[in-house]
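Q: Sequence:
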Amino acid sequence: MLDNKLPGLERLRVLLVEDDMFAQRLAASVLRQLGVRDLTIVKDGQAAIDLLGTTQIQFDLIVSDWNMPKVTGLDLLKHVRKTWVNMPFLMLTGNANEEFVITARENKVNAYVIKPFSAGQLQQKLAVMFNIRLPGT
11 MLDNKLPGLE RLRVLLVEDD MFAQRLAASV LRQLGVRDLT IVKDGQAAID
61 LLGTTQIQFD LIVSDWNMPK VTGLDLLKHV RKTWVNMPFL MLTGNANEEF
111 VITARENKVN AYVIKPFSAG QLQQKLAVMF NIRLPGT
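Residue 140 in this note's numbering is what sits at position 130 of the sequence shown, and the numbering runs on without skipping anything.
Because the hints were derived from the structure by calculation, they are not lab data.
Careful: at least some of the hints might be erroneous.
[Stated by the list, open to error] Straight-line C-alpha distance at most 20 Å; calculated SDA-like pairs for lysine to any residue: (1) K125 / S39; (2) K53 / Q68; (3) K118 / H89; (4) K125 / K135; (5) K92 / G63.
[Stated by the list, open to error] Pair by pair, the computed Cβ-Cβ distance ranges are: (6) T113 / K80: 14 to 24 Å; (7) T64 / R91: 15 to 25 Å; (8) Q68 / K118: 18 to 28 Å; (9) E20 / Q134: 11 to 21 Å; (10) G63 / L144: 29 to 39 Å; (11) K80 / R143: 32 to 42 Å; (12) S128 / N107: 16 to 26 Å; (13) G63 / R143: 31 to 41 Å; (14) T64 / E108: 29 to 39 Å; (15) K80 / E109: 20 to 30 Å; (16) P17 / K80: 30 to 40 Å; (17) T65 / R143: 25 to 35 Å; (18) N96 / L61: 12 to 22 Å; (19) Q66 / N96: 15 to 25 Å.
Keep in mind the model is a prediction, meaning the values are calculated, not measured.
Backbone N, C-alpha and C fix where the C-beta goes; we use that ideal spot for every residue, glycine too.
With the sequences and hints as input, model every part of the structure.
A: Listed below in structure tokens is the structure:
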């Protein structure tokens with residue numbers, strides 16, 4: 011359990027895209043522990059694309075699983091980059107091989123976290139993405 015919320019995350023509108031219910035609950039719980047208040051959760055990449063195309067909500071961060079049926083996290087990232095070039099995008103993946111890293115970077119992912127991940131790992135990635143200094147650093 012983390013004691014420190016990341017300053018500024020309480021103002022972010024975050025879209026979490028995860029098809030696995032356990033991983034979805036874990037990621038949502040950690041994001042809330044870190045201070046995220048405005049969290050929208052969808053179950054797959056297609057639902058995220060549909061939501062992004064119809065909602066008036068301007069998301070500040072997308073956190074997405076890589077491996078999902080129909081529309082993968084990579085497909086979602088490519089879709090997002092067509093319209094929102096600078097949208098912070100954090101990928102969650104169980105695959106840490108070199109090909110994944112190269113593909114993710116080529117498609118301008120901001121950061122990725124390998125599953126299973128700890129709250130501290132997600133905290134560190136978000137701190138770097140949003141230029142937040144962690145206590146004790």
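Q: Which hint numbers doesn't this structure obey?
A: When the structure is compared with the hints, none of them turns out to be violated.
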